[in-house]
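Engineer: Here are the chains, one letter per residue:
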Amino acid sequence: MNLTIENVTKSFGDKKVLNEINLEFTTGVYGILGANGSGKTTLMRILASVMKPSSGKVFFNTQDIEVLDQKYRDVIGYLPQHVGVYKSFSTEKFLMYIASLKGLKKEEAKEKVTEVLELVGLSEHRKGKVGKFSGGMKQRVGIAQALLNDPMVLIVDEPTAGLDPKERIRFRNLLSKISTNRIVLLSTHIVSDIEFIAREVLILKEGKLVQKETPKELLRSIKDKVWTVFVDESEIQYFQSKYKVSNIGRDQEKFQLRIISDSKPHQNAQNEIPNLEDLYLYYFDEEVA
Amino acid sequence: MQLLKFELYKMYRQKIIYFTFILLVLFSTGFTFNRITDWEKDLYREWEGPISEEKIQLAHQGNEELTKKMDERVEEDGFVYSETEQTKMGIYETISFIINIEKNANEKLSKLEKENNYNTDLEKAMLKDFDTSYFAYNKGPEKVIDYASVYSIFLTGAMLLIGLSTIYTQEYSSGVDNYILSSKKGRVSLLWAKVSASLIYTFVIVIAWELFNLGWNVFQFGNEGWDTSIQHYFKYYFSPYSFNMLEYHFIQLGIHLLAAFSFAILIVLISSICKNSLIAFFINGAIFATPYLIVEMLMLPNGVEDIFRFSYIYIMNVEFLFDHFKTFNFFGYPILYPVVAIVWMVVVSMALVLVTSHIVRKREVTV
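For the record, the sequence lines run as chains X and C.
Per full-length UniProt numbering: the first sequence = residues 1 to 289.
Per full-length UniProt numbering: the second sequence = residues 1 to 367.
Next up, chain X with everything else stripped away, as it sits in the complex (with noise of 0.2 Å):
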């Protein structure tokens, strides 16, 4: 099983969102991290087959996705990064609904409803209405719906955005536990969401793929770039306008700076094993969620 992308690109007017991307995945997690504006919601969903590119193809198992129309369909699960709902619905007839999208038989239906709501741990919850619950368990239903067909390929857009610490892990260890013998391709700008259960770190920036490697070889590709300093309070503002500062912590009269850096920042500075987040905040140059 495989998921190709080709010289995929997508413009809305005169601005380029996607780049001549060129991608293929097998089974297993694939992480795609970007910063707000990179690109990773329309990757998506060209993914998902709800937005098509302005040139390129996206093939799955070497046949053009737009050519297997319905027949593609039938074999992703897609959660929008924002995940909609009709309120007034309880959670087991807006599940029937999407099965009767997703073309489940009534019975096939019921059954798989009560299969994903035990997953997500929403059973107690099935005649609950979802316009009542919280963003957690409406992320929940999300991914509920988005298993229901017993997807080859899901793809899941920035899946914890908004979520609280609680409800992250509870997402995590969900896709750990659903993701054998798929395509599970998860977009996001928090590196812990992919740190421990991405096959493949995927990095996009302004539209283009940056990086794709397994995360050891991504941490392996900025080993000598972390770098820990002490310094007293006074010297903090002079690191932090110079260089890229990941953490702050404090150590009795001094301060600790993990620093990201191509070179030594300090003469004192020692070297560190690098993390997802010194990743993240090497490509993009913004604070680490």
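Source of the hints: derived by calculation from the structure; they are not laboratory data.
Any given hint might turn out to be false.
[Said to hold, decoys possible] Label-pair restraints from in silico Cβ distances:
#1 C/Arg361 - X/Lys87: 24 to 34 Å
#2 X/Lys110 - C/Lys362: 26 to 36 Å
#3 C/Tyr12 - X/Lys52: 29 to 39 Å
#4 C/Val339 - X/Ser123: 52 to 62 Å
#5 X/Lys264 - C/Ile359: 53 to 63 Å
#6 X/Lys110 - C/Phe31: 48 to 58 Å
#7 X/Glu235 - C/Lys362: 54 to 64 Å
#8 X/Asn19 - C/Lys362: 17 to 27 Å
#9 C/Ile200 - X/Glu115: 25 to 35 Å
#10 C/Phe31 - X/Glu115: 55 to 65 Å
#11 X/Lys57 - C/Glu296: 47 to 57 Å
Even for Gly, the Cβ is constructed at its ideal location relative to N, Cα and C.
Knowing the structure of chain X, use the given hints to seat chain C on it.
Structural biologist: Chain C alone, transformed into the frame defined by chain X:
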């Protein structure tokens, strides 16, 4: 089938449709109530049947006597008609009206003998086939037909606009469109489900107001007179169609329903394009009402006016299709307006379905 059930469920969950329907039906009564009495019906019954020479003479005599009596009475105490006399006068006038229908038709036939237009033969054939002589009390059917022409437009139009304008826009506003467009049956199959649900909804609306129409008007004015010809109702005085009230009412409902179906499909199309329910509502409303405003407010030449009359609001009204002899010249072959309207509505509906199908196939999520 499952999708259709869900679409119907979503449609009938809208409380506003029930509220609007009740309100419109209440207003359609004009908040007036008159009930025909048995003695009035009995008076008509005395004259019921084909109008013979003898009946014409009797009606003429009766009319003269009554007029004379009235003149005398006016001089004496200023009092004019009793209720019985009013009814009798109405009967004499109706008989005179019916005699004139046939007289007009015969005059028209003689005139046509001298003409040789593309549609002359058809009109002659229709007028020869003409028999309006059967007299009976028929106020009930008249009222029913009138309601199905006039109030039906507001009822069907408003109910379709309110019930269907959100059929696609609600998917966009709720964000469910992402699931829909990425699912196997979310495009063409869902469109069919939505169109089918819209047609069922339309059918139910038409049946609902028709039941009220029959109940309300038959209760007030009686159920007699369905076999009198439509020309007895003044709006169809010049109509060349040989239908009785019952036949015409069925045809009227059929054409109204066909136009309503087509309008429902148009609403689905507009809803599939618009992101905002209110915009969809106003666009559909404008498409529905504008031809009426143009025809009523502007003095248009007949040919141009007829183009606007082949719009939803007028075809749903049906009246203009049958009130006179009107044909469309199709390469020298005359096609009656009702046939043109039916063909037009079928063609438009099919085209709308095709366009909508194309749109939903190509639809992309934008926000």
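Engineer: It remains to establish, for every hint, whether it holds in the given structure.
Structural biologist: These are the hints, each one checked on the structure:
1. Hint check: C/Arg361 to X/Lys87, Cβ distance near 28 Å, so the stated range 24 to 34 Å holds.
2. Separated by about 33 Å at the C-beta atoms, X/Lys110 and C/Lys362 satisfy the suggested range of 26 to 36 Å.
3. Checked against the hint of 29 to 39 Å, the pair C/Tyr12 and X/Lys52 passes, with Cβ atoms roughly 35 Å apart.
4. Range check, C/Val339 to X/Ser123: Cβ separation about 60 Å, and the 52 to 62 Å hint holds.
5. Checked against the given bound of 53 to 63 Å, the beta carbons of X/Lys264 and C/Ile359, roughly 60 Å apart, stay inside it.
6. The supplied range of 48 to 58 Å is met by X/Lys110 and C/Phe31, whose beta-carbon atoms lie about 50 Å from each other.
7. X/Glu235 and C/Lys362 have their C-beta atoms about 59 Å apart, which keeps the hinted 54 to 64 Å range intact.
8. Taking the beta carbon of each, X/Asn19 and C/Lys362 are about 24 Å apart, inside 17 to 27 Å as hinted.
9. Checked against the hint of 25 to 35 Å, the C-beta distance between C/Ile200 and X/Glu115 comes to roughly 32 Å, which is consistent with it.
10. The given range of 55 to 65 Å is respected by C/Phe31 and X/Glu115, whose C-beta atoms sit roughly 57 Å from each other.
11. Hint check: X/Lys57 to C/Glu296, Cβ distance near 55 Å, so the stated range 47 to 57 Å holds.
Violated hints are absent here; each numbered hint is respected by the structure.
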